[in-house]
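Chemist: Heads up: the protein sequence lines correspond to chains A and B, in order.
Position 92 of the first sequence, counted from 1, bears residue number 256 in my numbering, the numbering being contiguous throughout.
Position 233 of the second sequence, counted from 1, bears residue number 396 in my numbering, the numbering being contiguous throughout.
By construction, these hints were calculated from the structure, which means they are not laboratory data.
Source: prediction; values computed, not measured.
A hint or two may mislead.
Output of the computed footprint for chain A on chain B, the stretches with three or more beta carbons under 8 Å from beta carbons of chain A [said to hold, decoys possible]:
no.: 1; segment: 207-218
no.: 2; segment: 381-391
no.: 3; segment: 476-486
no.: 4; segment: 513-520
Glycine included, C-beta positions come from ideal geometry on N, C-alpha and C.
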Amino acid sequence: MRFERRPHRPFALVIASPVIAIAAALAISGVLIALAGAPVLEAYYQIAVGSFGSKLAFTETLTRATPLIFTGLAAAVAFRAQVWNIGAEGQFYIGAIAVAAFGAQATAGLPAALAIPLLMFIGAVAGMIVLLVPLGLRLRFGVDEVVTTLLLNFVAVLFVSMLIEGPLKDPLAFGWPQSVPVADNAILPKLIERSRLHIGLAVAVAIAVVVHIVQARTVFGMQSKAAGLNPRAAKFAGVPLASTLIKVACLSGGLAGLAGAVEVMGVKGYVTTDLSPGFGYSGIIVAMLANLHPIGVIAAALFTAAMFVGADGMSRAIGIPSYIADVTVALSLLTMLVALFFTQYRIRK
Amino acid sequence: MGSPFSGRGVAGMSETPVLRLSNISKRFGDTIANDAVSIDLARGEVLALLGENGAGKTTLMSILFGHYTPDEGTVEVEGRALPPGRPRAAIDAGVGMVHQHFSLAANLTVLENVMTGTQSLWRAKSDTASARRKLAEIADRFGLAVNPDARLGDLSVGEQQRVEILKALYNDARILILDEPTAVLTNAEAERLFSTLREMARQGLSLIFISHKLNEVLAAADRVVVLRGGKVVAERQAEATTKEELAELMVGRQVARPKREAGKAGDVVLEAIGASLVVDGVARLSDLNFQIRAGETLGIIGVSGNGQAQLAHLVSGLSDATAGELRLFGEPIPTGVEALVEAGVGRIPEDRNAEGAIGEMTLWENAILERVRSKRFSKNGFVDRAAARAFAATIIEDFDVRGGAPDRRTRLLSGGNMQKLILGRNLHDQPKLLIAAQPTRGLDEGAIAAVHTRILEARAKGAAVLLISEDLDEVLSLADRIRAIVKGRLSPPLAAEEANAQRLGLMMAGDWNKDSQYGEASHAL
């Protein structure tokens with residue numbers, strides 16, 4: 165048996181690969197559920213009900229998907245240009261804390277229509293700065309950004325922790341380590357009444373569409389793709405490598421920072437160190453499941469969010485720990501990598 | 164040109180052949196790569212497998228080596244059938260393969276590369292000392308000197324190939340297959356390789372080398388098997404055939420490379436005035452002074468690694484001279500690739516896969532990538548895809564890019580057709596200056612003729628051409644004047660009419676100061 169490169173990547177297979185990958189991941193998780201002594205189909209039924217079965221469940225899933233769309237896009241745009249941004253988690257927190265810092269008082273006097281976009285911008289810029297440091301180190305000294313962005317996540321979370329224990333600590337929080345809340349004018353309007361779902365979702369979807377258009381249709385999109393696929397040939401064709409990668413990093417870091425900003429303004433109103441249950445890391449999986457396609461990111465984020473939200477309900481109903489969601493999502497990354505391989509290669513006897 | 168060992172193969176025929184391929188057939192989808200191919204190889208014989216790109220040579224050798232399983236047919240080594248599809252079995256039976264793209268690790272030393280795969284993973288300590296001894300013995304026996312502790316990435320391509328051969332011999336290969344071994348070599352390196360091959364044959368090894376170059380087939384082989392369209396179309400003793408006959412057998416019709424006709428040179432287009440390039444403290448180009456006029460071709464010859472790549476990069480806008488300057492039409496040359504392309508400079512890079520085109524992008528994207536920011540192909544930052552596709556379609560049509568469509572991915576093109584695409588994007592708008600670095604490296608006869616025709620056409624229409632090539636035949640048939648590059652310095656020019664192999668050889672060896680004959684003539688130019 166050997167692997168042979170396919171001359172074309174069949175379109176149907178590219179579309180089908182995440183579906184097959186997810187099905188395979190669910191099947192493998194099913195073995196674990198069975199080993200834990202629970203009925204497998206019942207468990208998956210409960211996950212489905214818990215994530216899509218009611219208005220509340222569905223809006224919760226969408227709320228959870230919102231930051232994942234942003235972090236998924238952050239990973240997708242970076243990976244496409246071979247900028248290995250593993251630091252979306254840290255950029256998320258820095259974006260969030262920047263919004264808390266400015267949104268509590270500095271922008272409190274502005275009308276909401278001005279304050280909200282301004283704070284989103286501030287969050288994005290904060291995320292950008294966090295990614296530009298490792299990118300600068302790569303461009304100047306050849307430091308591998310996989311390592312630096314990953315490690316900066318811990319630096320960022322500790323930095324946020326320091327701020328919310330210190331200068332940005334909420335004096336009215338009974339000593340809990342949480343930041344000052346943003347002013348009311350910075351709270352995102354709800355998308356659906358009596359739910360947690362906020363307009364951040366609409367913003368995320370709109371931005372995914374914009375990112376897709378930028379990548380598919382613009383000069384920058386073409387140059388960043390070239391820089392990612394073959395830097396030497398891109399350089400030969402006159403693509404300014406450094407500035408292209410800097411732009412990519414601004415976009416990627418900005419999207420991750422925006423994720424944090426929107427989460428603060430849309431859901432919690434303030435920052436704690438458990439604001440993100442790993443949105444930055446899950447974003448990498450979302451991007452891979454989407455095959456780095458911005459529109460695909462929306463669907464992949466929805467799946468990932470549904471698994472997490474649904475697993476909570478399932479865990480209450482039949483007593484399987486909700487960690488099974490982490491297992492399934494992580495497995496789906498592995499199965500997706502296998503599926504992607506088979507979109508490019510086929511088996512020959 | 165007969166080989167001194169040409170009797171051997173025939174004499175060996177009475178014994179069991181060392182290697183016998185019987186009735187090998189292999190299909191890929193609708194394409195028949197090999198069609199009932201049968202070949203015998205005798206002990207001590209050098210067999211050349213000659214054929215155009217796509218004739219099925221590499222497929223056949225991949226079957227022999229177990230990379231592919233044949234649909235039909237068998238491979239026998241010394242009378243024993245090899246199990247199909249098992250490279251390990253081939254290696255154990257004494258078949259060694261030297262790939263066109265070396266399968267070596269750049270970050271390991273020569274010795275480590277040679278030892279890779281020969282030792283059990285579970286052994287705690289690797290037996291370097293005996294490996295070193297064995298390697299030294301082999302190197303000594305076949306005259307393949309190479310420093311075992313050198314890092315592979317620091318070696319020249321020719322030396323890397325030597326390592327690849329050593330690795331096969333280290334695995335006790337008695338049958339050695341070389342896939343287009345000279346594609347990456349300079350003439351001098353190729354000569355050296357041929358004498359190594361003959362020495363190996365003299366010591367009883369059997370060799371198959373795959374090639375589409377007629378000269379070297381005649382120079383190095385005892386026997387030539389010609390493949391065309393997956394079939395053996397002819398078999399000749401090297402001494403009993405001619406270049407012309409082989410060319411016709413290989414291509415199936417008569418092909419001739421075009422020849423330069425005398426032209427009239429116009430104004431100076433490109434001028435280098437004391438141009439130098441220092442990279443990481445090492446002088447790569449020193450004090451270059453030359454001129455190229457419109458309608459004229461300057462050929463730069465030389466042994467690879469003497470600064471050709473740096474010269475091509477310098478004039479292609481990828482690096483800036485650290486001293487001296489380049490002038491285009493008397494003005495300082497624009498900096499940056501975009502400005503150069505805009506100014507009418509066409510650039511054909513040395514390595515089309517690594518620099519010329521991005522395989523995973525479509526033909527239309529590759530066609531316009533270097534001009535994507537121009538008004539012609541983008542508006543307000545958005546790519547004008549219709550214009551780009553139309554441009555690509557014109558190139559495909561005008562330059563006969565076979566198997567091409569604007570939306571196809573570029574890696575699906577054969578080397579020759581990819582080169583035609585690159586030529587097309589550079590020549591479509593008649594450049595004023597064309598820089599062609601190794602423009603036909605690795606191409607087959609048909610494609611070479613097409614590329615040469617295009618370059619001559621551009622010159623005839625008034626382009627100044629800088630041709631950097633290690634292929635002397637190519638330079639002789641295209642260039643008006645020839646200079647050699649040696650250790651980053653340029654020799655004085657020699658008019659093509661006065662050039663012959665001996666003079667060019669002296670030039671490439673750097674002996675131009677001693678040879679007053681053309682030293683003086685050059686000052687007149």
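Chemist: What hint numbers does the structure not satisfy?
Modeler: 1, 2
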